[in-house]
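A.B. asks: As a plain string of letters, each chain reads:
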Amino acid sequence: MELKILTKRFGLPNSTSIETYLAHEGYQGLQKTLKEFTPDQVIDEVKKSALRGRGGAGFPTGLKWSFVPKQSPKPKYVVCNADESEPGTCKDRPLMEYDPHQLVEGMAIAGYALGSKRGYIYIRGEYMYIVPILEKAIDEARAKGYLGKNICGSDFEFDLFVHPGAGAYICGEETALLNSLEGLRGHPRIKPPFPAVAGLYGCPTVVNNVETFTAVPHIIMKGGDWYRGLGTEKSGGSKMFSVSGHVNKPGNYEVPMGYPLMQLINEECGGVWKGRKLKAVIPGGSSVYIMTAQECENATLDYEGMVKAGSSVGSGGVIVMDETTDIFETTYNLIHFYNHESCGWCTPCREGTDWLHKLFKKIHRGEGTTEDLRMIERLCPNIEGRSHCPLGEAAVWPITSAMKKFPEDFRRRVREVEPVAAD
Amino acid sequence: MFSEALDKKANEIIARYPVKRSALLPLLHLVQNEENQITKEGMRYVAKKVGVEMNDVFEVLTFYTMYFTEPIGTHHIQLCRTISCYLRGAEEIREHLEKRLGIKPGQRTADGRFRLSEVECLGSCCTAPMFQINFDYHENLTPEKVDQILDSLP
Ligand SMILES: Cc1cc2nc3c(=O)[nH]c(=O)nc-3n(C[C@H](O)[C@H](O)[C@H](O)COP(=O)(O)O)c2cc1C
Ligand code: SF4
Ligand code: FES
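Chains as they are written, first to last, in our numbering: chain H, 184 to 606; chain Z, 2 to 155.
Hints are computed from structural coordinates only; laboratory data are not their basis. There's no promise every hint is true.
As the list claims (entries may be wrong) - Some, not all, of what chain H presents toward chain Z, calculated at C-beta under 7 Å:
1) Q211
2) Q214
3) E267
4) A349
5) K588
6) F589
As the list claims (entries may be wrong) - As a list, the in silico BS3-like pairs of lysine-lysine whose alpha-carbon atoms are at most 25 Å apart:
7) K417(H) - K405(H)
8) K146(Z) - K457(H)
9) K319(H) - K21(Z)
10) K191(H) - K432(H)
11) K544(H) - K100(Z)
12) K41(Z) - K9(Z)
13) K191(H) - K253(H)
14) K215(H) - K332(H)
15) K21(Z) - K300(H)
16) K545(H) - K491(H)
17) K319(H) - K10(Z)
18) K405(H) - K257(H)
19) K332(H) - K21(Z)
20) K105(Z) - K300(H)
21) K215(H) - K327(H)
22) K432(H) - K146(Z)
23) K327(H) - K230(H)
24) K41(Z) - K10(Z)
25) K319(H) - K9(Z)
26) K231(H) - K218(H)
27) K191(H) - K300(H)
28) K21(Z) - K10(Z)
29) K231(H) - K460(H)
30) K187(H) - K417(H)
31) K491(H) - K544(H)
32) K9(Z) - K541(H)
33) K231(H) - K257(H)
34) K491(H) - K460(H)
35) K544(H) - K105(Z)
36) K332(H) - K10(Z)
37) K545(H) - K105(Z)
38) K21(Z) - K257(H)
Model, not experiment: these values are computed from the prediction. C-beta atoms are modelled at their ideal positions from N, C-alpha and C, and glycine is treated no differently.
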């Protein structure tokens, strides 16, 4: 069963307007925050909720917020990561398109908690049609006193701006995003320092995903315990899952954390299409380990449950593949992606993904040998753990897991040859 | 020379940031939308507006896939090739487009009406296969639907 919290206003007529939003509990979380909470109490409530970052890494949101040094004399920034480019993931788009005020409210509450006066929504350039939707919401909120100076009659001040990117997956990585927002090439920065301490313009900055911010008004309104109770002990609340690929009803579904993966596929999505059997699922956007049909059987969609089942929740992009799918080809598709999106800053990733892509291409053409497979296996550990940012790992995990779990799909594409060199 | 209206918009954008350089990407979009590409003049204008060298502008714009330093064309078809679209038939759509337009990804028709690009995931995975024409999303594509869409373009 779907659980409509973040998505509850989606079907309403004129769902993007502030009138609709106000008529359906809109900005009540912000009002309650300003009346009843100190900034620290907001952070405590978010900690209690067990909300974890919905951008992919699943870092506990309240904990991240508590890292921002309150005493710092520098301005503090709240940045929304709306770069959504992880293959298989398309949940932030409807959250902004259908209910932009929910995001505005969530960011304003975060601004209060963190002592920030200014926020930016970094949205991928391809989502340009959403920019006016967000800007209209921001203008409406300003006009009604939910943004700007003296918000809701208090002395809290916060304003918000939309910033379009220009096509680069790596700008979803938070420090690359900050460089991009500063008008630079989107290369990731070295961490530490983490953005909470030195982020935008070297100032304390919290970067959170769209979906993470949109959960915040609900947590304030109904309480952290309530939110946590929707999900599991360590993975609180509900989450959007974008189910794509070989199912009858692909789409975005909001379900409680801990929901059975197969129930999502069979009930919400109407099962695998064309009456076929399931072969594999990539459950958390393309950067996580692929799962066999057997691993999916008892998997539950919470952070611990998915690790136990052999993968992770990631960004919630569930890519479903039926029995006719060639896992070599889907893996080739992904290494093309990572090779294209490598930002080129560090050698293991820049050269490694290029080399991997060439080897896959060769095998795809029917010219591959068992030596090429061995070369792929040797290259992967030279990228993983040796690159400047997690894109290196993200490129390797789909490959190593696919080769391990679906060896037949790789072996039958290559010619057997004598090993030419020892390791 | 860019219009007064564009210059006003540029100033508005710059005012959103404590550091002018942050306006670089949004301003590049602005001049590209005006000229269908980023010209030397566009780069010079943006550089001057945000207070950097033209070199800096060039360095930045070449990093991002959405900027072009040659005319884009009237209708820029950006077909997603990534996994979810691939699983739902993106290759068939590409072949259909190639045949109908007589060009390959990365090329422009001789009359400059169409450019075809293969791009990575556009956040439309649950309505695959899909392409974007300029900034408009077209989803759940079939070859027939592609024909209808292209036929309806000016
Ligand atoms: C290569 C790469 C791409 C990423 N892309 C995104 C993205 O598109 N959207 C997003 O919210 N987070 C993305 N992230 C995660 C961010 O770095 C960061 O963890 C996140 O924005 C934090 O917000 P959260 O805690 O609310 O999830 C990406 C990370 C990496 C390494
Ligand atoms: S790992 Fe890849 S994406 Fe990350 S910094 Fe290195 S080259 Fe860039
Ligand atoms: S894979 Fe094509 S839109 Fe995401």
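A.B. asks: All the hints need checking, so say for each whether the structure fits it.
C.D. replies: Tested hints:
This hint is violated: Q211(H) has a C-beta 28 Å from the nearest C-beta of chain Z, more than the 7 Å allowed. The restraint placing Q214(H) at the interface with chain Z is violated, with a minimum CB-CB distance near 26 Å, outside the 7 Å limit. Restraint check, E267(H) versus chain Z: the minimum CB separation of about 5 Å is within 7 Å; hint holds. For A349(H), the suggested interface contact is upheld, since its CB lies about 4 Å from the closest CB of chain Z, less than 7 Å.
Nearest Cβ of chain Z to the Cβ of K588(H): about 16 Å, over the 7 Å cut. The hint is violated. The interface hint given for F589(H) is broken, as the beta carbon of that residue sits about 15 Å from the closest beta carbon of chain Z, more than 7 Å. Note on K417(H) and K405(H): the hinted pairing holds, with a Cα-Cα distance of about 18 Å set against a maximum of 25 Å. For a cut-off of 25 Å, the pair hint linking K146(Z) to K457(H) stands: about 21 Å separates their Cα positions.
A C-alpha spacing of about 23 Å is found between K319(H) and K21(Z), which places the hinted pair at or below 25 Å, so the restraint holds. Among the hinted pairs, K191(H) with K432(H) is consistent with the structure: their alpha-carbon atoms are about 20 Å apart, no more than 25 Å. For the hint pairing K544(H) with K100(Z), the CA-to-CA distance comes to about 24 Å; that is within 25 Å, so the pair holds. Our distance criterion of 25 Å between C-alpha atoms is met by K41(Z) and K9(Z), whose separation comes to about 20 Å.
Distance restraint check for K191(H) and K253(H): the Cα-Cα separation of roughly 34 Å exceeds the 25 Å cut-off, and the hinted pair is therefore not satisfied. A C-alpha spacing of about 17 Å is found between K215(H) and K332(H), which places the hinted pair at or below 25 Å, so the restraint holds. Using a Cα cut-off of 25 Å, the hinted pair K21(Z) and K300(H) holds, with the two alpha carbons roughly 18 Å apart. Of the supplied pair hints, the one linking K545(H) and K491(H) is violated, its CA atoms being roughly 35 Å apart against a limit of 25 Å.
Using a Cα cut-off of 25 Å, the hinted pair K319(H) and K10(Z) holds, with the two alpha carbons roughly 16 Å apart. This hinted pair does not check out: K405(H) and K257(H) have alpha carbons roughly 33 Å apart, beyond 25 Å. Between K332(H) and K21(Z), the direct Cα distance comes to roughly 23 Å. Compliance with the 25 Å bound is thereby established for this hinted pair. Distance check on the hinted pair: K105(Z) and K300(H) sit about 49 Å apart at the alpha-carbon level, beyond 25 Å; violated.
Only pairs whose Cα atoms come within 25 Å are accepted, and K215(H) paired with K327(H) is accepted, the gap being roughly 16 Å. At roughly 19 Å between alpha-carbon atoms, K432(H) and K146(Z) fall within 25 Å of each other, so this suggested pair holds. At most 25 Å may separate the alpha-carbon atoms for a hinted pair to count; K327(H) and K230(H) exceed this at roughly 30 Å. Note on K41(Z) and K10(Z): the hinted pairing holds, with a Cα-Cα distance of about 20 Å set against a maximum of 25 Å.
The suggested pairing of K319(H) with K9(Z) holds, with an alpha-carbon distance near 19 Å, which does not exceed 25 Å. Proposed proximity of K231(H) and K218(H) is supported: the alpha carbons are some 20 Å apart, at most 25 Å. Of the supplied pair hints, the one linking K191(H) and K300(H) is violated, its CA atoms being roughly 29 Å apart against a limit of 25 Å. Restraint check for K21(Z) and K10(Z): satisfied, since their Cα atoms lie roughly 14 Å apart, inside the 25 Å limit.
For the suggested pair K231(H) and K460(H), the alpha carbons sit about 41 Å apart, so the restraint of at most 25 Å is broken. Only pairs whose Cα atoms come within 25 Å are accepted, and K187(H) paired with K417(H) is accepted, the gap being roughly 20 Å. Distance hint between K491(H) and K544(H) is unfulfilled; the C-alpha atoms sit about 33 Å from each other, more than 25 Å. With a CA separation close to 48 Å, the supplied pair K9(Z) and K541(H) exceeds the 25 Å bound.
Only pairs whose Cα atoms come within 25 Å are accepted, and K231(H) paired with K257(H) is rejected, the gap being roughly 28 Å. For the hint linking K491(H) to K460(H), the alpha-carbon distance of about 23 Å falls within 25 Å, and the restraint holds. With a C-alpha separation of about 19 Å, the suggested pair K544(H) and K105(Z) falls inside the 25 Å cut-off, and the hint holds. Proximity of K332(H) to K10(Z) is assessed by CA-CA distance (about 24 Å); at most 25 Å being required, the pair is judged to hold.
Restraint check for K545(H) and K105(Z): the C-alpha separation of about 21 Å stays at or below 25 Å, so the hint holds. A threshold of 25 Å between alpha carbons decides the hint, and for K21(Z) with K257(H) the separation of about 18 Å falls inside it, so the pair holds.
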